[in-house]
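J.: Given only the sequences and the hints, what does the whole structure look like? Please build it.
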Amino acid sequence: NAGVMQNPRHLVRRRGQEARLRCSPMKGHSHVYWYRQLPEEGLKFMVYLQKENIIDESGMPKERFSAEFPKEGPSILRIQQVVRGDSAAYFCASSPYSWNTEAFFGQGTRLTVV
Amino acid sequence: AQTVTQSQPEMSVQEAETVTLSCTYDTSESNYYLFWYKQPPSRQMILVIRQEAYKQQNATENRFSVNFQKAAKSFSLKISDSQLGDTAMYFCAFMHENQGGKLIFGQGTELSVKP
Numbered sequence: 001n002a003g004v005m006q007n008p009r010h011l012v013r014r015r016g017q018e019a020r021l022r023c024s025p026m027k028g029h030s031h032v033y034w035y036r037q038l039p040e041e042g043l044k045f046m047v048y049l050q051k052e053n054i055i056d057e058s059g060m061p062k063e064r065f066s067a068e069f070p071k072e073g074p075s076i077l078r079i080q081q082v083v084r085g086d087s088a089a090y091f092c093a094s095s096p097y098s099w100n101t102e103a104f105f106g107q108g109t110r111l112t113v114v
Numbered sequence: 001a002q003t004v005t006q007s008q009p010e011m012s013v014q015e016a017e018t019v020t021l022s023c024t025y026d027t028s029e030s031n032y033y034l035f036w037y038k039q040p041p042s043r044q045m046i047l048v049i050r051q052e053a054y055k056q057q058n059a060t061e062n063r064f065s066v067n068f069q070k071a072a073k074s075f076s077l078k079i080s081d082s083q084l085g086d087t088a089m090y091f092c093a094f095m096h097e098n099q100g101g102k103l104i105f106g107q108g109t110e111l112s113v114k115p
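Chains A and B, in that order, are what the protein sequence lines are. Here the first sequence is numbered in my numbering, starting from 1 and rising by one per residue. Here the second sequence is numbered in my numbering, starting from 1 and rising by one per residue.
It should be emphasised that the hints constitute simulated quantities derived from the structure, not laboratory data. A couple of the hints might just be wrong.
[Stated by the list, open to error] DSSO-like, lysine-lysine: derived pairs with alpha carbons at most 30 Å apart: (1) B/55 x B/78; (2) A/71 x B/73; (3) A/44 x B/78; (4) A/27 x B/70; (5) B/73 x A/44; (6) B/55 x B/70; (7) A/71 x A/51; (8) A/62 x A/44; (9) A/27 x A/51; (10) B/78 x B/114.
Keep in mind the model is a prediction, meaning the values are calculated, not measured.
T.: Written out as structure tokens, the structure is:
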């Protein structure tokens, strides 16, 4: 059973470009969570999704950021018109039901905006 | 709002010795979960141990154990017989029972195990 897969592992974008980060949850997991880790800080919650539904997006910046988890395929975190402050590691986690059951993190995508 | 504080940015320990990492949190809720995660240089977030607030018994996982003091809102991690592979960032995290997946993390403690 493969773990949570995130790709790419590293992504470099120029200011103003779009960044798309993908997360494939573990088999059988229908709950996906995105977190952001700025340098020298802990992870901060961004959004919680189930298939085709956003459950909690209270941690998402109001502009430029969006997330989806379609019926088929991976979850996507999309950042439009990236700025230097978006440079961070973005982590995805998945769980079979809610987080009260065991959840697993992916290895993260390190986004660098130049 | 809930907050999690780790007051030790860095710690070091000799191999085979015991070390305790501190964590305090602030909440007005009574039902919640607490976690310790390990982040080695590979950046992978690995669950070390979890504690349900309603359980009085401290959780243990092999060499890892916690001292959960609910009244004091303290949740420290003890690592016994430290190994070189324990070198990593350690994050304490809080999650309210009804906010599945929305963890609140502390700032982290960088632990170095020295040979």
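J.: Now, for every hint given, state plainly whether the structure supports it.
T.: Status of the hints after comparison with the structure:
Between residue 55 of chain B and residue 78 of chain B, the direct Cα distance comes to roughly 18 Å. Compliance with the 30 Å bound is thereby established for this hinted pair. A threshold of 30 Å between alpha carbons decides the hint, and for residue 71 of chain A with residue 73 of chain B the separation of about 41 Å lies outside it, so the pair is violated. Proposed proximity of residue 44 of chain A and residue 78 of chain B is supported: the alpha carbons are some 25 Å apart, at most 30 Å. For the suggested pair residue 27 of chain A and residue 70 of chain B, the alpha carbons sit about 36 Å apart, so the restraint of at most 30 Å is broken.
The straight-line distance between the Cα atoms of residue 73 of chain B and residue 44 of chain A is roughly 21 Å, inside the 30 Å bound, and the hint therefore holds. For the hint linking residue 55 of chain B to residue 70 of chain B, the alpha-carbon distance of about 10 Å falls within 30 Å, and the restraint holds. Taking the CA atoms of residue 71 of chain A and residue 51 of chain A, the gap is about 6 Å. The hint holds against a cut of 30 Å. For the hint linking residue 62 of chain A to residue 44 of chain A, the alpha-carbon distance of about 15 Å falls within 30 Å, and the restraint holds.
Distance restraint check for residue 27 of chain A and residue 51 of chain A: the Cα-Cα separation of roughly 13 Å lies within the 30 Å cut-off, and the hinted pair is therefore satisfied. Proximity of residue 78 of chain B to residue 114 of chain B is assessed by CA-CA distance (about 17 Å); at most 30 Å being required, the pair is judged to hold.
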